[in-house]
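Full structure from sequences and hints, please.
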Amino acid sequence: RAALRDPEFTETVVTRAFTGRYARALRNGFIDKHDAHAVFGFPQAAMITGPIQAAAVKLGDPHGVGMWTGAQFGNVRTGSATDIVQELAI
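Residue numbers (this note's numbering): 3 to 92.
Incorrect hints may appear among the rest.
[Said to hold, decoys possible] Derived SDA-like pairs: lysine to any residue, alpha-carbon spacing no greater than 25 Å straight-line: (1) 35 - 61; (2) 60 - 14; (3) 35 - 55; (4) 60 - 91; (5) 35 - 72; (6) 60 - 15; (7) 60 - 47; (8) 35 - 6; (9) 35 - 53; (10) 35 - 22.
Everything labelled a hint here was simulated from the structure, so no lab data went into it.
Dropping the structure here:
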């Protein structure tokens, strides 16, 4: 969640580096390093990167985990789900 507001993360990319399937994520160091040679092969690729991502989460390292998000992540709002839905309904 913090990465959504972190000025270090300014763009999203469609990658298969984490799971072997295409998905949109915040561009980070893992994607920059591994996307060019990522393989198709879900769930096998996800099984390989799973321990890496788990370790990155424990370390608080946003460059080792897939941070899935939509293209308009910059418009994210904070608050309770109730408040956000009520605001959208207006």
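Verification of the hints:
For the suggested pair residue 35 and residue 61, the alpha carbons sit about 19 Å apart, so the restraint of at most 25 Å is met. Between the alpha carbons of residue 60 and residue 14 the distance comes to roughly 23 Å, so the proposed pair stays at or under 25 Å and holds. At roughly 14 Å between alpha-carbon atoms, residue 35 and residue 55 fall within 25 Å of each other, so this suggested pair holds. Between residue 60 and residue 91 the CA atoms are separated by roughly 37 Å; this puts the pair beyond 25 Å, and the hint is violated.
At roughly 21 Å between alpha-carbon atoms, residue 35 and residue 72 fall within 25 Å of each other, so this suggested pair holds. Between residue 60 and residue 15 the alpha-carbon distance is near 24 Å, which keeps this suggested pair within the 25 Å criterion. Pair hint residue 60 plus residue 47 holds up; C-alpha atoms about 20 Å apart against a cutoff of 25 Å. Taking the CA atoms of residue 35 and residue 6, the gap is near 21 Å; set against the 25 Å cutoff, the hint holds.
Of the supplied pair hints, the one linking residue 35 and residue 53 holds, its CA atoms being roughly 17 Å apart against a limit of 25 Å. Distance check on the hinted pair: residue 35 and residue 22 sit about 15 Å apart at the alpha-carbon level, within 25 Å; holds.
Checked against the numbered hints given earlier, this structure breaks only hint 4.
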